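Asks: Read top to bottom, the protein sequences are chains A and B.
With our numbering as the guide, the letters of the first sequence map in order to residues 1 to 200.
With our numbering as the guide, the letters of the second sequence map in order to residues 1 to 195.
Honestly, the hints are just simulated from the structure, not real lab data.
Predicted model, so just to flag it, every value in this text is computed and none were measured.
One thing to keep in mind: the hints can contain errors.
[Claimed, not checked] Derived EDC-like pairs (lysine to aspartate or glutamate); straight-line CA-CA distance at most 20 Å:
#  : chain 1 : residue 1 : chain 2 : residue 2
1  : B       : 89        : B       : 127
2  : B       : 171       : B       : 161
3  : B       : 69        : B       : 57
4  : B       : 89        : B       : 158
5  : B       : 69        : B       : 30
6  : B       : 69        : A       : 150
7  : B       : 89        : B       : 72
8  : B       : 69        : A       : 132
9  : B       : 171       : B       : 158
10 : B       : 69        : A       : 21
11 : A       : 123       : A       : 144
12 : B       : 89        : B       : 183
13 : B       : 69        : B       : 35
14 : B       : 89        : B       : 161
15 : B       : 171       : A       : 18
16 : B       : 171       : B       : 183
17 : B       : 69        : B       : 80
18 : B       : 171       : B       : 152
19 : B       : 171       : A       : 21
20 : B       : 69        : A       : 20
21 : B       : 69        : A       : 18
22 : B       : 171       : A       : 20
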Amino acid sequence: MNDRLDHDFMNDESRRHDRDDVALGAALRALPASTPARDAWPELASRIRRRNVARKAVWFTLPAAFAAGVALTLAWPHLHRPVVPPAFTPVATQVSSHAATPPVNNIDALQASSQQWQAWVQKLDRNGAPLDGRQLTQAVALQDRIGLVDLQLSAARNSSTTADLWQQRITLLQQLGLLHLQPYLVATQRPANGDHLISM
Amino acid sequence: MLVHPCSVDTPTTFQQTVDPDLIARLQRGELAAFELIYRRFERAAWTLALRLTGRADVAQEVLQDAMLKAFERARQYRGDAPFAAWLRKLVVNEALMQLRHDRLHVIEVFDDTLAIDESPAPWMHADAATLERALHRLPDAARAVLWLYHVEGYTHVEIAEQFGRSVSFSKSQLARATRRTRELLQPQLQVEVTP
Numbered sequence: 001m002n003d004r005l006d007h008d009f010m011n012d013e014s015r016r017h018d019r020d021d022v023a024l025g026a027a028l029r030a031l032p033a034s035t036p037a038r039d040a041w042p043e044l045a046s047r048i049r050r051r052n053v054a055r056k057a058v059w060f061t062l063p064a065a066f067a068a069g070v071a072l073t074l075a076w077p078h079l080h081r082p083v084v085p086p087a088f089t090p091v092a093t094q095v096s097s098h099a100a101t102p103p104v105n106n107i108d109a110l111q112a113s114s115q116q117w118q119a120w121v122q123k124l125d126r127n128g129a130p131l132d133g134r135q136l137t138q139a140v141a142l143q144d145r146i147g148l149v150d151l152q153l154s155a156a157r158n159s160s161t162t163a164d165l166w167q168q169r170i171t172l173l174q175q176l177g178l179l180h181l182q183p184y185l186v187a188t189q190r191p192a193n194g195d196h197l198i199s200m
Numbered sequence: 001m002l003v004h005p006c007s008v009d010t011p012t013t014f015q016q017t018v019d020p021d022l023i024a025r026l027q028r029g030e031l032a033a034f035e036l037i038y039r040r041f042e043r044a045a046w047t048l049a050l051r052l053t054g055r056a057d058v059a060q061e062v063l064q065d066a067m068l069k070a071f072e073r074a075r076q077y078r079g080d081a082p083f084a085a086w087l088r089k090l091v092v093n094e095a096l097m098q099l100r101h102d103r104l105h106v107i108e109v110f111d112d113t114l115a116i117d118e119s120p121a122p123w124m125h126a127d128a129a130t131l132e133r134a135l136h137r138l139p140d141a142a143r144a145v146l147w148l149y150h151v152e153g154y155t156h157v158e159i160a161e162q163f164g165r166s167v168s169f170s171k172s173q174l175a176r177a178t179r180r181t182r183e184l185l186q187p188q189l190q191v192e193v194t195p
């Protein structure tokens, strides 16, 4: 009997709380919308225009860089020297194991690693075999993404975001480097199904 | 000081459809098209950011950053959900990111040993301004969870994912927010409430 009374009491309590919750939801949804104190559009439009200008600058430099790269690859047999990539992952591993706000010296390490990878990619770009049309498209896409990361880095406000962006930059550079190595890998391995070695 | 162009006719919610042509223009990077979309969703996005963060200066940043992402990622919008829902998600993500970076690491622990309050729900009779003040006085996590659950329709699982916490975290924060709101709206209890 007591169990039954307890059960009924609990059900009543539960129903009352559900009713209160529904009423709270309704009251919150009925709150009037707010209006920002100032018009944020001019500032937003200005930020977008600045970013567009920066992006166009990146795009403007790409054809010139590729033209130079193509010209240099024509002289490839005379220029070829073995290019050794930087060691894979130590900085990435260190940083990813840290808390949300990595110390500045980790960002320095990521920057240094990024520079190493960039130098490696530049060497490959200068001395490597020419890319086919699809690889070239992939390279342009990767460079575009690196350009975007650079833009985001210039606007990053905290160390956690900055570290993430540097890590992204390193990953993209690694992908770009591997893309430049693809002609050799394809030449030596020649997979039967013709699949590309890098999935983008 | 720039004068805000919002009028009383400006839409205030995300319950709006956007013309596919306008979206296509946005995806081509047309700033004029984006301004039209921005104007339509500005108040809704601002209100959502303000409700989640509880601070006008942070809400302003959220509005700017979320809208900037909307412009830059417009080409990623596939049309499989309403554009307004996609935009609202960007605002929620941005607001929670701000909270995580700024203050949310201080999460108050819910004490479930306190007695259940049997008094009638005070929000049934509270005016909007009083309820809004109470909302702004809630701890950050509790306020955000309360709003996401009751107004944006998130489930506890979705809230837990957004916060990177457990489902019980979401439930306890909601219970805490409800109880604290009740306390804040009952004048005789306010002296016991820590702001």
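Asks: It remains to establish, for every hint, whether it holds in the given structure.
Replies: How the hints compare with the structure:
1. For the proposed pair residue 89 (chain B) and residue 127 (chain B), the alpha carbon gap of about 29 Å is over 20 Å, so the pair is violated.
2. Between residue 171 (chain B) and residue 161 (chain B) the alpha-carbon distance is near 13 Å, which keeps this suggested pair within the 20 Å criterion.
3. A threshold of 20 Å between alpha carbons decides the hint, and for residue 69 (chain B) with residue 57 (chain B) the separation of about 19 Å falls inside it, so the pair holds.
4. A C-alpha spacing of about 12 Å is found between residue 89 (chain B) and residue 158 (chain B), which places the hinted pair at or below 20 Å, so the restraint holds.
5. A hinted pair counts as satisfied when its Cα atoms are at most 20 Å apart, and residue 69 (chain B) with residue 30 (chain B) qualifies at roughly 15 Å.
6. Restraint check for residue 69 (chain B) and residue 150 (chain A): satisfied, since their Cα atoms lie roughly 16 Å apart, inside the 20 Å limit.
7. Among the hinted pairs, residue 89 (chain B) with residue 72 (chain B) is consistent with the structure: their alpha-carbon atoms are about 15 Å apart, no more than 20 Å.
8. Between the alpha carbons of residue 69 (chain B) and residue 132 (chain A) the distance comes to roughly 33 Å, so the proposed pair goes past 20 Å and is violated.
9. Proposed proximity of residue 171 (chain B) and residue 158 (chain B) is supported: the alpha carbons are some 12 Å apart, at most 20 Å.
10. This hinted pair does not check out: residue 69 (chain B) and residue 21 (chain A) have alpha carbons roughly 34 Å apart, beyond 20 Å.
11. Between residue 123 (chain A) and residue 144 (chain A) the alpha-carbon distance is near 19 Å, which keeps this suggested pair within the 20 Å criterion.
12. Between residue 89 (chain B) and residue 183 (chain B), the direct Cα distance comes to roughly 31 Å. Violation of the 20 Å bound is thereby established for this hinted pair.
13. For the suggested pair residue 69 (chain B) and residue 35 (chain B), the alpha carbons sit about 14 Å apart, so the restraint of at most 20 Å is met.
14. The straight-line distance between the Cα atoms of residue 89 (chain B) and residue 161 (chain B) is roughly 13 Å, inside the 20 Å bound, and the hint therefore holds.
15. At most 20 Å may separate the alpha-carbon atoms for a hinted pair to count; residue 171 (chain B) and residue 18 (chain A) meet this at roughly 14 Å.
16. Between residue 171 (chain B) and residue 183 (chain B) the alpha-carbon distance is near 18 Å, which keeps this suggested pair within the 20 Å criterion.
17. Between residue 69 (chain B) and residue 80 (chain B) the CA atoms are separated by roughly 18 Å; this keeps the pair inside 20 Å, and the hint holds.
18. For the given pair, residue 171 (chain B) sits about 16 Å from residue 152 (chain B) by alpha-carbon distance, which is consistent with the 20 Å threshold.
19. Pair hint residue 171 (chain B) plus residue 21 (chain A) holds up; C-alpha atoms about 13 Å apart against a cutoff of 20 Å.
20. Distance check on the hinted pair: residue 69 (chain B) and residue 20 (chain A) sit about 38 Å apart at the alpha-carbon level, beyond 20 Å; violated.
21. Distance hint between residue 69 (chain B) and residue 18 (chain A) is unfulfilled; the C-alpha atoms sit about 38 Å from each other, more than 20 Å.
22. Taken as a hint, the residue 171 (chain B) and residue 20 (chain A) pair is honoured in the structure, with Cα atoms around 16 Å apart against an allowance of 20 Å.
Checked against the numbered hints given earlier, this structure breaks hints 1, 8, 10, 12, 20, 21; the rest are met.
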